[in-house]
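Letter 70 of the sequence shown, counting from 1, is numbered 96 in my numbering, and no numbers are missing.
For the record, the hints were derived by calculation from the structure and aren't laboratory data.
A portion of the hints provided could be inaccurate.
The calculated BS3-like cross-link candidates involving lysine-lysine, where the alpha carbons are at most 27 Å apart (straight line), are [as the list claims (entries may be wrong)]:
1. 150 / 71
2. 140 / 151
3. 140 / 150
4. 140 / 120
5. 84 / 140
6. 140 / 103
7. 150 / 103
8. 120 / 150
9. 71 / 120
10. 84 / 44
11. 71 / 84
12. 120 / 84
13. 103 / 71
14. 151 / 71
15. 84 / 103
Taking CB as the label site, the calculated pair distances span [to be verified]:
16. 99 / 36: 27 to 35 Å
17. 143 / 41: 25 to 33 Å
18. 137 / 84: 22 to 30 Å
19. 38 / 104: 27 to 35 Å
20. 44 / 99: 31 to 39 Å
21. 81 / 55: 12 to 20 Å
22. 74 / 99: 16 to 24 Å
23. 66 / 137: 13 to 21 Å
24. 124 / 74: 17 to 25 Å
25. 41 / 99: 30 to 38 Å
26. 41 / 65: 14 to 22 Å
27. 99 / 126: 29 to 37 Å
28. 31 / 104: 23 to 31 Å
Glycine included, every Cβ here is placed at the ideal spot set by N, Cα and C.
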Amino acid sequence: MESNRTFVVPGTFREVLKESSSKTCDLMATIDSCVSSIHPEAIQKIATGLGMSFVPHKEKESEVCFINSEEVRPEFKLSFAPVDVFHYVSAMVKEQECNGISSTNDELLIPYPKDAVEFWERVKKGEENKVH
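Using the sequences and the hints, build the whole thing.
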């Protein structure tokens, strides 16, 4: 059950994470599938809580604007994309598994990020987990 502090991710997300480690997996299709299964209100609540916009595609770095550069401090980033949500959720699932927190097979309860710094730290952990 979703609360003000958590949002629901279908339990199938965990299986998709395992499958996404396959080299034959289409990562972008996996990300789109996983993120589209999260209720849009949850994505909006994340965006509002972070003070950022949710964009459908990760904007590439350009020579003119460095706002999406890795070097930009998290509190100055203006947007996040499905790939960031995917990595955030995958990091939280991994953390819950490591801490022995179990969810039902039908749904996973993922805590909303407290702030942008925490969100981007978790996104980085999700990327480092090499779930894809």
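Numbers of unmet hints, in rising order: 24
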